[in-house]
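Chemist: Sequence:
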Amino acid sequence: MVDDASPDQTGKKVKELFPEVHIINGNGQLFWNKGMRLAWESAVAHDTYDFFLWLNDDTFLKKESLINLLEDYESMPTEGIIVGNIQSEVHGDFTFGGHEESGPLKPNGKPQKVKYCNGNLVLVPQSVYQRVGILDQTYTHLYGDMDYSLDVSEAGFDCYGSSKYLGYCEVNEVSYWGEPSLSFVKRLKLMHSPKGVDLFKCYYFKKKHNGQWTAIKTLVDGYAKALMPKAYRELKKSLKSVS
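Residue numbers (the UniProt record's numbering): 1 to 243.
Just to be clear, a hint being listed does not mean it is correct.
Computed cross-link-like contacts, EDC-like style, restricted to lysine to aspartate or glutamate with a CA-CA straight-line distance of at most 20 Å [to be verified]:
1. Lys13 to Glu79
2. Lys15 to Asp4
3. Lys164 to Glu89
4. Lys113 to Glu79
5. Lys63 to Glu170
6. Lys195 to Asp136
7. Lys115 to Glu101
8. Lys106 to Glu89
9. Lys115 to Glu79
10. Lys115 to Asp158
These are calculated hints, taken from the structure and not from any lab test. Fair warning: this is a prediction, and the values are worked out from it, not measured in the lab.
Work the whole structure out from these sequences, hints included.
Modeler: Quick look at the structure:
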């Protein structure tokens, strides 16, 4: 378990309750992707395992959720990874899990193929790790889980979503970096923040999976939205009405 300088001393408390758990301390700047990479690298160095499990500390598992996840894995018709679908404890709706290009794919009682996996709860078998490796070191926070999903598919495996909801996690609202009411400096900070849109990492993601021109368009689009948010919105509306 990676404790990236958490203010509530998560690592210390876990160690007191479960002395057998290996705690890796971060510097407070790892965020999701780099923290998960560190945990994964440490696990690989420690021993050989049948599976690797990604689990976020803000995701609260239901009773027997890991048993359900393994049962779903065993019932998958093809080899790959499986993401646990997660819901809000407040309103019960889907919050994280498996996605198609059009949006979330809610559980329907059996594992379903998905294109993208949120990294809250993901089971990666040794067979996938052997061919795909671990998370791409380029990313800091965003895109690492989606990138790995596509890497898995491009390596000839499949991604699946769990048959039912396996835990709870609420969505953390982040200010929209293209909001005209925000100052220009604030918009730029959000655009390049690891928890904002992290535009250069987005460029890398698009280039890797969609090609150079799509990546350039994403970059230009991002700066246009940050520099001229009102004009950008009007232009989008005009283009939409023409089409």
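Chemist: Is the hinted pair Lys15 and Asp4 satisfied, with a Cα-Cα distance of at most 20 Å?
Modeler: 15 Å, holds
Chemist: Would the pair Lys106 and Glu89 pass a check requiring their Cα atoms to be no farther apart than 20 Å?
Modeler: OK: Lys106 and Glu89 at ~16 Å, within 20 Å.
Chemist: Holds or violated: are the alpha carbons of Lys63 and Glu170 at most 20 Å from each other?
Modeler: 18 Å, holds
Chemist: Given the hinted pair Lys115 and Glu79, is their Cα-Cα distance within 20 Å?
Modeler: With a Cα-Cα distance of about 14 Å, the restraint between Lys115 and Glu79 holds, given a limit of 20 Å.
Chemist: Take the C-alpha atoms of Lys195 and Asp136, compute the straight-line distance between them, and say whether it is at most 20 Å.
Modeler: Holds. Lys195 to Asp136 sits at ~17 Å (cutoff 20 Å).
Chemist: Lys115 and Asp158 were given as a pair; does the straight-line alpha-carbon distance stay at or below 20 Å?
Modeler: 8 Å, holds
Chemist: Hey, Lys115 versus Glu101, does the alpha-carbon distance stay inside 20 Å?
Modeler: Holds: Lys115 and Glu101 sit about 7 Å apart, inside 20 Å.
Chemist: Between Lys164 and Glu89, does the CA-CA distance stay at or below 20 Å?
Modeler: Roughly 14 Å between the alpha carbons, so the hint for Lys164 and Glu89 holds.
Chemist: For the pair we were handed, Lys113 and Glu79, check the Cα-Cα distance against 20 Å.
Modeler: 11 Å, holds
Chemist: Holds or violated: Lys13 with Glu79, Cα cutoff 20 Å?
Modeler: Violated. Lys13 to Glu79 sits at ~37 Å, over the 20 Å cutoff.
Checked against the numbered hints listed earlier, the structure breaks hint 1 alone; every other hint is satisfied.
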